[in-house]
Amino acid sequence: MSGAAPSSRPRPRAGHAGDDEAAKAEVTWLLDTLGYDTVDIGTLADSWRSEPNSPVYVQPYLPAVQPSAGQDPWELFTMPGTPTPAARIKELVDAAVRGPIGGVFPGSAQD
Numbered sequence: 001m002s003g004a005a006p007s008s009r010p011r012p013r014a015g016h017a018g019d020d021e022a023a024k025a026e027v028t029w030l031l032d033t034l035g036y037d038t039v040d041i042g043t044l045a046d047s048w049r050s051e052p053n054s055p056v057y058v059q060p061y062l063p064a065v066q067p068s069a070g071q072d073p074w075e076l077f078t079m080p081g082t083p084t085p086a087a088r089i090k091e092l093v094d095a096a097v098r099g100p101i102g103g104v105f106p107g108s109a110q111d
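All residue numbers for the sequence shown refer to the numbering used here, where the first residue is 1 and numbers rise by one.
These are computed hints drawn from the structure, not numbers from a lab. Backbone N, C-alpha and C fix where the C-beta goes; we use that ideal spot for every residue, glycine too. Keep in mind that the hints are not guaranteed to be accurate.
Just the calculated beta-carbon pair ranges, DEER-fashion [unchecked claim]:
| id | residue 1 | residue 2 | range |
| --- | --- | --- | --- |
| 1 | Ser68 | Arg98 | 32 to 38 Å |
| 2 | Val58 | Leu34 | 14 to 20 Å |
| 3 | Thr33 | Asp72 | 32 to 38 Å |
| 4 | Ala87 | Leu62 | 15 to 21 Å |
| 5 | Leu34 | Ala69 | 32 to 38 Å |
| 6 | Glu75 | Ala22 | 40 to 46 Å |
| 7 | Asp72 | Leu34 | 25 to 31 Å |
| 8 | Glu21 | Ser68 | 44 to 50 Å |
| 9 | Glu75 | Glu21 | 40 to 46 Å |
Computed cross-link-like contacts, SDA-like style, restricted to lysine to any residue with a CA-CA straight-line distance of at most 20 Å [what the hints assert, rightly or not]:
| id | residue 1 | residue 2 |
| --- | --- | --- |
| 10 | Lys24 | Pro12 |
| 11 | Lys90 | Gly42 |
| 12 | Lys90 | Pro12 |
| 13 | Lys90 | Asp46 |
| 14 | Lys24 | Tyr36 |
| 15 | Lys90 | Asp32 |
| 16 | Lys90 | Arg11 |
| 17 | Lys90 | Pro55 |
| 18 | Lys90 | Glu21 |
| 19 | Lys90 | Thr38 |
| 20 | Lys24 | Asp46 |
| 21 | Lys90 | Gln59 |
| 22 | Lys24 | Glu51 |
| 23 | Lys24 | Gly42 |
| 24 | Lys90 | Val58 |
| 25 | Lys90 | Gly18 |
| 26 | Lys90 | Thr43 |
| 27 | Lys90 | Val27 |
| 28 | Lys24 | Leu34 |
| 29 | Lys90 | Ala25 |
| 30 | Lys24 | Trp48 |
| 31 | Lys90 | Tyr61 |
| 32 | Lys24 | Gly35 |
| 33 | Lys90 | Asp37 |
| 34 | Lys24 | Ser47 |
Using the sequences and the hints, build the whole thing.
Next comes the structure, spelled out in structure tokens:
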């Protein structure tokens, strides 16, 4: 039984990775209690697939609008997010390509 309050609205989803199935079950329980559905994205070795600049990091959850000219882009964060289907999250995780270890800062010499 879910600890989250019943709602007709789709619940947001959060990916999680780990090597310990009991720990993953606890994380699933906690996120369910907080109102999230979970998507198992694999082992800790696969967890890089959800790091910054990967296809599943933040972007799929943002509102489906673009800021207009002169609008503060941070205003997007005050709008409701977009529930993303579990199948789409898995597609994005699978589409991730590993970049340089430690990532790359935009505008750096490696960018």
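Verification of the hints:
| no. | hint | in the structure |
| --- | --- | --- |
| 1 | Ser68 <-> Arg98: 32 to 38 Å | 35 Å, holds |
| 2 | Val58 <-> Leu34: 14 to 20 Å | 18 Å, holds |
| 3 | Thr33 <-> Asp72: 32 to 38 Å | 34 Å, holds |
| 4 | Ala87 <-> Leu62: 15 to 21 Å | 19 Å, holds |
| 5 | Leu34 <-> Ala69: 32 to 38 Å | 37 Å, holds |
| 6 | Glu75 <-> Ala22: 40 to 46 Å | 42 Å, holds |
| 7 | Asp72 <-> Leu34: 25 to 31 Å | 28 Å, holds |
| 8 | Glu21 <-> Ser68: 44 to 50 Å | 47 Å, holds |
| 9 | Glu75 <-> Glu21: 40 to 46 Å | 41 Å, holds |
| 10 | Lys24 <-> Pro12 | 18 Å, holds |
| 11 | Lys90 <-> Gly42 | 10 Å, holds |
| 12 | Lys90 <-> Pro12 | 14 Å, holds |
| 13 | Lys90 <-> Asp46 | 12 Å, holds |
| 14 | Lys24 <-> Tyr36 | 14 Å, holds |
| 15 | Lys90 <-> Asp32 | 18 Å, holds |
| 16 | Lys90 <-> Arg11 | 16 Å, holds |
| 17 | Lys90 <-> Pro55 | 10 Å, holds |
| 18 | Lys90 <-> Glu21 | 19 Å, holds |
| 19 | Lys90 <-> Thr38 | 11 Å, holds |
| 20 | Lys24 <-> Asp46 | 14 Å, holds |
| 21 | Lys90 <-> Gln59 | 14 Å, holds |
| 22 | Lys24 <-> Glu51 | 18 Å, holds |
| 23 | Lys24 <-> Gly42 | 10 Å, holds |
| 24 | Lys90 <-> Val58 | 14 Å, holds |
| 25 | Lys90 <-> Gly18 | 15 Å, holds |
| 26 | Lys90 <-> Thr43 | 14 Å, holds |
| 27 | Lys90 <-> Val27 | 18 Å, holds |
| 28 | Lys24 <-> Leu34 | 15 Å, holds |
| 29 | Lys90 <-> Ala25 | 18 Å, holds |
| 30 | Lys24 <-> Trp48 | 17 Å, holds |
| 31 | Lys90 <-> Tyr61 | 14 Å, holds |
| 32 | Lys24 <-> Gly35 | 16 Å, holds |
| 33 | Lys90 <-> Asp37 | 13 Å, holds |
| 34 | Lys24 <-> Ser47 | 13 Å, holds |
The structure meets every hint from the earlier list without exception.
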